[in-house]
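Protein chains in written order, with my numbering: chain L, 1 to 264; chain A, 1 to 343; chain D, 1 to 279.
Hints are computed from structural coordinates only; laboratory data are not their basis. For clarity, every value in this text was computed on a predicted model and none was experimentally measured. Keep in mind that a hint or two might mislead.
Pulled a few chain L residues facing chain A out of the computed Cβ check, cut under 10 Å [what the hints assert, rightly or not]:
no., residue
1, Val97
2, Gln115
3, Arg228
For every residue, glycine included, the Cβ atom is placed at its ideal position computed from N, Cα and C.
Each chain, written out:
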Amino acid sequence: MGALLHHLRLAREFARVGVIRKSQFRVEFLTQVVMDTAWYLVHIVTFEILYGHTDSIAGWDRPQVRVFLGFLFLSDAFWMIWLGQSWHFGRELKDGVLDSLRLRPGSPIFVYFFQRFSLEACINGLMAAGWLGWALSGIEGSFSVGGLVLLLWALALSFWTRTVLSVLFTIAEFRAINSDLSNVAWEVSMTLSDRPVDVFPLRFRQLLTSFIPVAALSTLPAALVLGRITPLEGVLHSAWIFVLGLGVFAWWKRSFRGYTSALG
Amino acid sequence: MLIRMADAGKTFRVWRRKEGFKGFFANFVAREWTQVTALANVNLEIRRGEFVGLIGANGAGKTTLIKCVSGITPVSSGSATLFGVDSFALGDGEKRRLALVMGQRSQLWWDLPAIDSFRLLREIYSIPRDVFERRVEEAAKRLVVTEKLQRQLRQLSLGERMKMEIIGAFLHEPDVVFLDEPTIGLDLVSRETIRRYLVELNRERGATIVLTSHDMEDIEETCRRLVILRQGRVLFDGDLVGLKARVYDRRSIEVHLEPSSRTWDESLAPRLAPLGATLERSAPLTLLFSVPAANVQTFVPLLFELFQIRDLAIERHPLELLIRQIFQSGQAPAQLSSGEPKA
Amino acid sequence: MSGAAVPSALVRDLRLLVVALVYELRKVTTWRAGFVVRELMRGMWRPVVMIFVYATILVQPTDRLGSYDFRGLVAYLILAASFEKLLFHQRGLDLSDQIFQGYVTKYLTMPLRFFVLALARFAQHVLIQGGVVVLLWSAGALLLPQWWPQPASALALVEAALLVLLGSYCYFLTCFLVNALAFWLDVVWTLSAMTSFVFSFCAGVLVPVSVMPAALRDTLQWLFPYWAVNAPAEVFLGRLGHADFLRGIVVLGLTAVVLELVRQVLWRRGLARYVGAGM
Ligand SMILES: Nc1ncnc2c1ncn2[C@@H]1O[C@H](COP(=O)(O)OP(=O)(O)OP(=O)(O)O)[C@@H](O)[C@H]1O
Ligand SMILES: [Mg+2]
Numbered sequence: 001m002g003a004l005l006h007h008l009r010l011a012r013e014f015a016r017v018g019v020i021r022k023s024q025f026r027v028e029f030l031t032q033v034v035m036d037t038a039w040y041l042v043h044i045v046t047f048e049i050l051y052g053h054t055d056s057i058a059g060w061d062r063p064q065v066r067v068f069l070g071f072l073f074l075s076d077a078f079w080m081i082w083l084g085q086s087w088h089f090g091r092e093l094k095d096g097v098l099d100s101l102r103l104r105p106g107s108p109i110f111v112y113f114f115q116r117f118s119l120e121a122c123i124n125g126l127m128a129a130g131w132l133g134w135a136l137s138g139i140e141g142s143f144s145v146g147g148l149v150l151l152l153w154a155l156a157l158s159f160w161t162r163t164v165l166s167v168l169f170t171i172a173e174f175r176a177i178n179s180d181l182s183n184v185a186w187e188v189s190m191t192l193s194d195r196p197v198d199v200f201p202l203r204f205r206q207l208l209t210s211f212i213p214v215a216a217l218s219t220l221p222a223a224l225v226l227g228r229i230t231p232l233e234g235v236l237h238s239a240w241i242f243v244l245g246l247g248v249f250a251w252w253k254r255s256f257r258g259y260t261s262a263l264g
Numbered sequence: 001m002l003i004r005m006a007d008a009g010k011t012f013r014v015w016r017r018k019e020g021f022k023g024f025f026a027n028f029v030a031r032e033w034t035q036v037t038a039l040a041n042v043n044l045e046i047r048r049g050e051f052v053g054l055i056g057a058n059g060a061g062k063t064t065l066i067k068c069v070s071g072i073t074p075v076s077s078g079s080a081t082l083f084g085v086d087s088f089a090l091g092d093g094e095k096r097r098l099a100l101v102m103g104q105r106s107q108l109w110w111d112l113p114a115i116d117s118f119r120l121l122r123e124i125y126s127i128p129r130d131v132f133e134r135r136v137e138e139a140a141k142r143l144v145v146t147e148k149l150q151r152q153l154r155q156l157s158l159g160e161r162m163k164m165e166i167i168g169a170f171l172h173e174p175d176v177v178f179l180d181e182p183t184i185g186l187d188l189v190s191r192e193t194i195r196r197y198l199v200e201l202n203r204e205r206g207a208t209i210v211l212t213s214h215d216m217e218d219i220e221e222t223c224r225r226l227v228i229l230r231q232g233r234v235l236f237d238g239d240l241v242g243l244k245a246r247v248y249d250r251r252s253i254e255v256h257l258e259p260s261s262r263t264w265d266e267s268l269a270p271r272l273a274p275l276g277a278t279l280e281r282s283a284p285l286t287l288l289f290s291v292p293a294a295n296v297q298t299f300v301p302l303l304f305e306l307f308q309i310r311d312l313a314i315e316r317h318p319l320e321l322l323i324r325q326i327f328q329s330g331q332a333p334a335q336l337s338s339g340e341p342k343a
Numbered sequence: 001m002s003g004a005a006v007p008s009a010l011v012r013d014l015r016l017l018v019v020a021l022v023y024e025l026r027k028v029t030t031w032r033a034g035f036v037v038r039e040l041m042r043g044m045w046r047p048v049v050m051i052f053v054y055a056t057i058l059v060q061p062t063d064r065l066g067s068y069d070f071r072g073l074v075a076y077l078i079l080a081a082s083f084e085k086l087l088f089h090q091r092g093l094d095l096s097d098q099i100f101q102g103y104v105t106k107y108l109t110m111p112l113r114f115f116v117l118a119l120a121r122f123a124q125h126v127l128i129q130g131g132v133v134v135l136l137w138s139a140g141a142l143l144l145p146q147w148w149p150q151p152a153s154a155l156a157l158v159e160a161a162l163l164v165l166l167g168s169y170c171y172f173l174t175c176f177l178v179n180a181l182a183f184w185l186d187v188v189w190t191l192s193a194m195t196s197f198v199f200s201f202c203a204g205v206l207v208p209v210s211v212m213p214a215a216l217r218d219t220l221q222w223l224f225p226y227w228a229v230n231a232p233a234e235v236f237l238g239r240l241g242h243a244d245f246l247r248g249i250v251v252l253g254l255t256a257v258v259l260e261l262v263r264q265v266l267w268r269r270g271l272a273r274y275v276g277a278g279m
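Okay, chain L solo, but in the shape it has when bound (with noise of 0.2 Å):
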């Protein structure tokens, strides 16, 4: 309990050093909104094009697919507003700059991988969420309490994983230094997961919903609420993604113990 606070604290501190970054560079902001719409704008006419041609994608229909791509953008928007710095990880190994991780208390996984908060990406944030609320509000099916506890839990496991995959994928960077092999691994994924699951084949949809969980940042949160897989699906989904979570940290940690600095 302790340590949730102090780590709660030191997301507080992460949040305002994050602040304080930007206030330094405005134009970030312009440039970060305009792309990150073009993004979104890319994946919502992808779409649509496509169902201009068809009715379902992998029994999707658009409605559907638009609840989807509103997981799938809150989950990107998390990513970018806490977990940025996993994208210099592997050069930051390669360079040897993470002496300090090793020296000082606390969880390194935490102190590294949530230092960068970005705040540009909050206005993603709502965006998403608009966008997201928007999909939503074009389901069949009126509001409920059950309904937002549903949507709660979707989104706690989309942002779980994202986590769990982004430490996951720089583990890689341990084995092969300077491999680039998070960032592929960042980039192949993410491209995975920018279509529900459903649309390949079965093996290879396993795997992306067990041992890869790229299914979870978006398929199965958006399957959740939109009851395509029944709560018990969810719970057991969530509770393995849960346990897998835990034993890539134990993982992550063990490897850093392999970490050598660089010359000084």
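For chain L, the structure is supplied; the task is to place chains A and D with the ligands on it using the hints.
Chains A and D with the ligands only, in chain L's frame:
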């Protein structure tokens, strides 16, 4: 015992690049690895409150030693412990009592004002707010950087940044602080400020400090104990005062010759020997001798007899000369080992 | 500058380019795992994933998307994947990091044009990816001959290659521009990741431009990404002809000139406000 290294060794694996077009493919397919020994059989014990100077030529293994003791990297053989715990398995409790400053590499956040880095550290080390504010204010005042606290780290000069690093390192009042060349590239005044600050912290709080520097003045003015590394081995470990006593009973005499004077040649050596004098350095028109203090009176007239002298300066033997001898010869001053002041 | 000085500067640049290219080649192969991951794996996944999407849409053999049936789409996407791989990759240029961390400072005092060093990256990319694509292509043609697209003619192959090469150069310039924004911004990699994504949409990597709604299609045909991937693929397949190729060369050529001018201005402005880092 705060720090203990027992038979500690550290080796690195490096690969050799082969030249040429064929080498280009050879490198890709099969690599030649070699072992580099950075530390070998190091035995070292440091007690609470000590101020230890760690010196050695470039590549002697100073930084590696610090990294091994502070738990950044594990030793490859033997053991290194800090606070009685294996250095490489420090828990949060131990980490809160430890700090590291590296001259060439920033421990603070590059794109943040120093004060914000400090606030982050406050959370990381759970320092109470009022204590934190008092410490920052006081330290910044002592190191004369109060005005610079609000500036981004990357916009500070080297010396200003170094002072910030030091403030950051001492914020949580660590019991042990490692400083790897903290005065690299700093001006005289800043260097002195930092030295004084370190000595005060060592004295007031009993912080144990391990300092490396290539500037002997840093070491002389701060440390009580000196450890000399050579090619990864401890060559000398003992009392700095004793070492100083040894050099202080000698004088160094710098002689500037007239262009018309005879210059130094080996045939003159036997004339110096009876007086215990040695030639330390010779340039065409400048000679540097080292003489026991008691023989200066007879040595100087001899010099005037041998050379046409334009100018001459007699000084206490600087520690640096001795250290240089040690580095070059690889011989420890035998009678001085283990902190025994010279009889 | 006098008439005699111009060729000598050019010769110097060329010499530097060769030296830097050798250095770049050596560097990419220094990290073996990195070589395999970066050079073999990256930059072709979007079209590959789209094949699965289309497979679920075009279930009946008679189903069509615009003028494409499923087989045609697969052929098109294989080409799009290959060409996207040939295109310069935004990760190939770590310029923004160099700017931000102050490494550029050291080059500024040297008697050389910094851009030549970046050009060496481009040349390295073309060489290595060219090799990789030829390898993958041959492997695919051997393993899946019934799905693998064949060039409509030798001329079509050459024309497609020219378009891709020029398009890749335009994209390289775009990457350089985005990276140079690091003089003003402190986080650029999100921008370059987004740029690559938007680019691949405009290039028809996800959906062929000809399948898009008319207004979008007509707009995209005036932008260079279309001519860097989509058009070459269709030239290769014989869906576009000689006149289209010429139009593509004009669009790409003009774009390259404009981007080059912008690059020069941006670089000069950037340097003017550059203070380096860590004094
Ligand atoms: N990560 C590493 N990989 C390979 N070799 C290393 C590594 N770190 C250190 N070495 C080697 O170990 C030896 C000792 O290096 P170290 O950095 O400890 O020297 P140092 O005493 O700090 O020197 P300096 O005074 O130049 O800072 C050197 O020969 C160096 O080349
Ligand atoms: Mg060193």
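Which of the numbered hints above does this structure break?
3
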